[in-house]
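S.K.: Starting from the known structure of chain A, fit chain B onto it as the hints suggest.
This is what each chain is made of:
Number of protein chains: 2
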Amino acid sequence: MPEKLVVIGGVAAGPKAAAKAKRCRPDLEVVIYQEEGAVSYGGCGLPYYVSGKIKERNQLLARTKEQFAQDGIQVKLKHRVEEIKVKEKKIKGLNLETGDQFVDTYDKLVLATGSFPIRPQVAGADLKGVFYLRSIFDADLLVQQLFSAQIQNVVIVGGGYIGLEMAESLSELGKKVTIVEKMPQIVTLFDQDMARLVQRYLEKKGMQVLVGEGLQEIRGEQGRVSSIRTANQEIRADAVLLSLGIRPRVELARQAGLRLGETGAIWVNERMETSAEDVFAAGDCVESTHLISGKRVWIPLGSTANKQGRVVGINVSGGAAVFPGVLGTAIFKVFDFKVAKTGLNMREAEQAGFSPLSAIVRGYSGAHYYPGMKESVLKVIADQKSGRILGAQAVGEGPSDKFIDVISMALLGRMDCSTLGNADLAYSPPFSPALSPVLVAAHVLQNKREKVFEWITADEVKNKLERAADEFVLLDVREEKEVKEKRIPGSLWIPLGQLEENIGKLDNKKEIAIHCHSGARSYKGYLKLKHKGFKNIKNVDGGILCWPEELKGAL
Amino acid sequence: MPEKLVVIGGVAAGPKAAAKAKRCRPDLEVVIYQEEGAVSYGGCGLPYYVSGKIKERNQLLARTKEQFAQDGIQVKLKHRVEEIKVKEKKIKGLNLETGDQFVDTYDKLVLATGSFPIRPQVAGADLKGVFYLRSIFDADLLVQQLFSAQIQNVVIVGGGYIGLEMAESLSELGKKVTIVEKMPQIVTLFDQDMARLVQRYLEKKGMQVLVGEGLQEIRGEQGRVSSIRTANQEIRADAVLLSLGIRPRVELARQAGLRLGETGAIWVNERMETSAEDVFAAGDCVESTHLISGKRVWIPLGSTANKQGRVVGINVSGGAAVFPGVLGTAIFKVFDFKVAKTGLNMREAEQAGFSPLSAIVRGYSGAHYYPGMKESVLKVIADQKSGRILGAQAVGEGPSDKFIDVISMALLGRMDCSTLGNADLAYSPPFSPALSPVLVAAHVLQNKREKVFEWITADEVKNKLERAADEFVLLDVREEKEVKEKRIPGSLWIPLGQLEENIGKLDNKKEIAIHCHSGARSYKGYLKLKHKGFKNIKNVDGGILCWPEELKGAL
Chain A
1 MPEKLVVIGG
11 VAAGPKAAAK
21 AKRCRPDLEV
31 VIYQEEGAVS
41 YGGCGLPYYV
51 SGKIKERNQL
61 LARTKEQFAQ
71 DGIQVKLKHR
81 VEEIKVKEKK
91 IKGLNLETGD
101 QFVDTYDKLV
111 LATGSFPIRP
121 QVAGADLKGV
131 FYLRSIFDAD
141 LLVQQLFSAQ
151 IQNVVIVGGG
161 YIGLEMAESL
171 SELGKKVTIV
181 EKMPQIVTLF
191 DQDMARLVQR
201 YLEKKGMQVL
211 VGEGLQEIRG
221 EQGRVSSIRT
231 ANQEIRADAV
241 LLSLGIRPRV
251 ELARQAGLRL
261 GETGAIWVNE
271 RMETSAEDVF
281 AAGDCVESTH
291 LISGKRVWIP
301 LGSTANKQGR
311 VVGINVSGGA
321 AVFPGVLGTA
331 IFKVFDFKVA
341 KTGLNMREAE
351 QAGFSPLSAI
361 VRGYSGAHYY
371 PGMKESVLKV
381 IADQKSGRIL
391 GAQAVGEGPS
401 DKFIDVISMA
411 LLGRMDCSTL
421 GNADLAYSPP
431 FSPALSPVLV
441 AAHVLQNKRE
451 KVFEWITADE
461 VKNKLERAAD
471 EFVLLDVREE
481 KEVKEKRIPG
491 SLWIPLGQLE
501 ENIGKLDNKK
511 EIAIHCHSGA
521 RSYKGYLKLK
531 HKGFKNIKNV
541 DGGILCWPEE
551 LKGAL
Chain B
1 MPEKLVVIGG
11 VAAGPKAAAK
21 AKRCRPDLEV
31 VIYQEEGAVS
41 YGGCGLPYYV
51 SGKIKERNQL
61 LARTKEQFAQ
71 DGIQVKLKHR
81 VEEIKVKEKK
91 IKGLNLETGD
101 QFVDTYDKLV
111 LATGSFPIRP
121 QVAGADLKGV
131 FYLRSIFDAD
141 LLVQQLFSAQ
151 IQNVVIVGGG
161 YIGLEMAESL
171 SELGKKVTIV
181 EKMPQIVTLF
191 DQDMARLVQR
201 YLEKKGMQVL
211 VGEGLQEIRG
221 EQGRVSSIRT
231 ANQEIRADAV
241 LLSLGIRPRV
251 ELARQAGLRL
261 GETGAIWVNE
271 RMETSAEDVF
281 AAGDCVESTH
291 LISGKRVWIP
301 LGSTANKQGR
311 VVGINVSGGA
321 AVFPGVLGTA
331 IFKVFDFKVA
341 KTGLNMREAE
351 QAGFSPLSAI
361 VRGYSGAHYY
371 PGMKESVLKV
381 IADQKSGRIL
391 GAQAVGEGPS
401 DKFIDVISMA
411 LLGRMDCSTL
421 GNADLAYSPP
431 FSPALSPVLV
441 AAHVLQNKRE
451 KVFEWITADE
461 VKNKLERAAD
471 EFVLLDVREE
481 KEVKEKRIPG
491 SLWIPLGQLE
501 ENIGKLDNKK
511 EIAIHCHSGA
521 RSYKGYLKLK
531 HKGFKNIKNV
541 DGGILCWPEE
551 LKGAL
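Quick mapping for you: the protein sequence lines, in order, are chains A and B.
So the first sequence is numbered by my numbering: it starts at 1 and just counts up by one.
So the second sequence is numbered by my numbering: it starts at 1 and just counts up by one.
Since the hints were derived computationally from the structure, they do not count as laboratory data.
Just so it is clear, the structure is predicted and the values come from calculations on it, not from any experiment.
It cannot be assumed that every hint is accurate.
Identical chains blur together in the list; that is why a pair holds if it fits in one copy or across any two.
What the hints assert, rightly or not - Restricting the straight-line Cα-Cα distance to at most 30 Å, the calculated cross-link-like pairs of lysine-lysine (DSS-like) are:
no. : residue 1 : residue 2
1   : LYS374    : LYS53
2   : LYS76     : LYS530
3   : LYS204    : LYS552
4   : LYS295    : LYS76
5   : LYS532    : LYS4
6   : LYS65     : LYS374
7   : LYS295    : LYS204
8   : LYS505    : LYS374
9   : LYS484    : LYS505
10  : LYS505    : LYS65
Bound-form chain A, shown alone (with noise of 0.2 Å):
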């Protein structure tokens, strides 16, 4: 008699697991259960059906349950497994459309029973007009109500990427978006001074961000949604979109016994088992561990399900795959917008006990000659002891993907910041500068470690300019066309070209902090200073690109 694999969970790793299972061995018997009445679809793809740029409903669709039959996989939809008994190889479910109860019997079972959206503890949350995106049939709700052209004003509550997403595709149906986020910046997952870049470009759009304003109550008329409340205001809304974050689904597994970690999410090794016998676990529901902090980690993206489903399909067939870790690589696009991520970014960083350095440079796409050239801004991280390369944000128009993408790859390389500075990354013209923004980027990390200059934060210059201005002068370097456009209060401004025969301007008594765009100008600017004997100098990380507050043009 052949063996059974019964996979529970039919988004992502679930499916990926069934197939490769089935592909490694043909004559397993392989059973899905799912929950919804859908299989295999791409829940990344969500807010695009939404916004609809995707058109229709069924090119989400991976594989149908039809095709999976072709495959020797049966899938069982709406089945919902409420039981496993591990000692006895034994799952118990109801079947949600007739209301019978069904048993299972297995010999290897994935786990991929993936997570769900949080739900607030506020009034109000099950008025009419409050909706989540999480499966398709959230999307489905959303797509069928929303087009209505009596909701104006939408309110998202949480500004992560899907909030951020979900943002871009309400916008484009002609709503008005407010995004409300309870902590200090949106997209947490980011450093501050990237975060702010995200916001200001969504404020251009047109839309309202308003950060450190938690939800408190969802109010209604007639059952209906009509306002929103933080602890400052009132916030119109025809409908509300909860977007607070997501959590790993872990009951039927806590119910069977199984080692949970300690984000919560299924224990798993690097095999993908989970703590009971023949038991595998996969995607959203399972905890990893980082490759660069050492640390355990709950990141639940599409892209580590189907690699983790891959392992788990090879494993359970009898074969020897391994999944190692993830370096918490991410990516979301809003409008034109390229917002991405991977490793540790600088609170991550010290809290993993490295002492982090970074770098922030303009990261071209293509030549400074070539036309249509992108920009985005990236952020290069390092460790100050060791040179060694612990993450990388970049944020812009440009090719933040290409960018973290190179970087991911230092990270799994374990590479220092001497050896990503030598890089052989592609160049012509349209690809590139002749030196990528990468590599750039891993040189200034280099001068900061030899300390070859000094430098201090936007944030640090913002403060010593209201408490110690006495003692403290900021320069700024860059040209007039761009003072005109804006300028940071209280700054002494000398182009570059002019810096040395204006130089008796300069009070050599004073720290002096200089600053142009973002950091590449002013360090010319520094070295000349210090060449003249200039000793309290610094050179501003990320220049007026990273100041943190609006800023108005003044010569």
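M.R.: Showing chain B alone in chain A's frame:
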């Protein structure tokens, strides 16, 4: 007295070394000698200046002589250095404007003498209307003369990347372009299967591409080119662009007694020091170490020149930087096709003593359901024994640049297929399929290494069909629509979904090769047949995509 740095050569590596050295040691006296009348220009952008895509010549100039002067760097234009006396630390040369000789001394010397185009030894090479494209002055000449409506037919001799970039430029100027290449394929750094994809694309774009046809003679009328002759034919030509490759410019180094390497370029160590004390060299005139083969190679590129210039700048000013070597990463664009490579191709891998395996996959730019997705064909090469990744090639309208950059980082990190197969790359639907094509290729390579399946190349299939058709079956498992478009003559067509019910049509005593578009579906068919007990079966690498000839549809 401050030390004096003399740099010979002012396009890429030279100015970079000078600028970096001056930044590191502002007290250094720095002089750049440049034979041409322009300095620090974007040589790689010349084809786009010729096409008019870059509107202003000035845009190509990164920095002028005056800008260098502002930073305290003296540029001597139209000064040709003709002799170096390394013992006396002296140089001698000619001021091309005045005709006067000059002499200078140095403490450190940098040779950045670049390269020159190969001039063929054929009759007619000095006729009017015969062009090269190496310097900005060559480009000026082309811009002046090519706009004439009398120049209709242009023959480009040489199918390398500059030849193909110029094919685009000239085609955009309305010229009828013929490319003539003496080797059996264009872009000889690529494997033949990939080169064929580029050739077919160029032909679709209306260009005539002749391979295996060497230039034998350029013919003229009244001193002006009128045609070229190959062994097989005469081709009408109102202008000829000779793009036969370049050679390192090493005369000065040879005369000075510097060691030349086995490639003919200047030998340098990791610090970019030549064999003479205090003499450094960088850019197109030096050879490097290939980080995969370990061999000395000469791969002249603007990106390499910049990195080497930086290392020299640090070292001449007392620092300690190294340039470990190159991976041969390169990219060019021809119309919307992005053609990129890193590491070794199949032939190079064999020559370096590896046992190369390859995987060819379709490299999509986004999730299958995301609109506007573009596709490149991605070929990744690994060593059968160690599993180490050796190289990759990508060709198409998709993100070839990103794929190649990611794999170049895998090469830099000396990764194997198993590590690459679990890389954590940035995924969301607009940017990548959930499983990046890079990972899919790594998985195919792992399967090949583990003998999960047997394979055969398209060229071998063609041979067998011609020679041993009786014992050999080529099974096509694609859909009807695809077969109507193109079909390999002599193939047996059974769509994958109908394979099981039609299994009786297959004779399991014969050798059966299975193909689809690129190899993914035929792999599934392979596993089905294997499960049914077929022994002598093979999957066709790269499918019909890599078929060596043009095909027609037939049901």
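S.K.: Each hint: holds or not?
M.R.: Results for each hint:
In this assembly of identical chains, the alpha carbons of LYS374 and LYS53 lie at most 30 Å apart whether taken from the same copy (23 Å) or from different copies (16 Å). Taking CA atoms no more than 30 Å apart as the test, LYS76 paired with LYS530 passes between copies only; the shortest distance there is 28 Å, against 72 Å inside one copy. Taking identical chains as interchangeable, the C-alpha atoms of LYS204 and LYS552 lie at most 30 Å apart only when both belong to the same chain, with a minimum of 15 Å there against 52 Å between chains. Proximity of LYS295 and LYS76 under a CA criterion of 30 Å is satisfied in neither setting, with 37 Å inside one chain copy and 58 Å between copies.
Taking the shortest Cα distances, LYS532 and LYS4 sit within 30 Å of each other only across copies (19 Å), while inside one copy they are farther apart (78 Å). Only between protomers do LYS65 and LYS374 lie at most 30 Å apart by alpha-carbon distance; the minimum there is 28 Å, versus 43 Å within a single protomer. Taking identical chains as interchangeable, the C-alpha atoms of LYS295 and LYS204 are never at most 30 Å apart, the minima being 38 Å within one chain and 53 Å between chains. Proximity of LYS505 to LYS374 under the C-alpha cut-off of 30 Å is found in neither arrangement, the shortest distances being 37 Å within a copy and 56 Å between copies.
Proximity of LYS484 to LYS505 under the C-alpha cut-off of 30 Å is restricted to the intra-copy arrangement: shortest distance 21 Å within a copy versus 78 Å between copies. Taking the shortest Cα distances, LYS505 and LYS65 sit within 30 Å of each other only across copies (28 Å), while inside one copy they are farther apart (76 Å).
When each numbered hint is compared with the structure, violations occur for hints 4, 7, 8.
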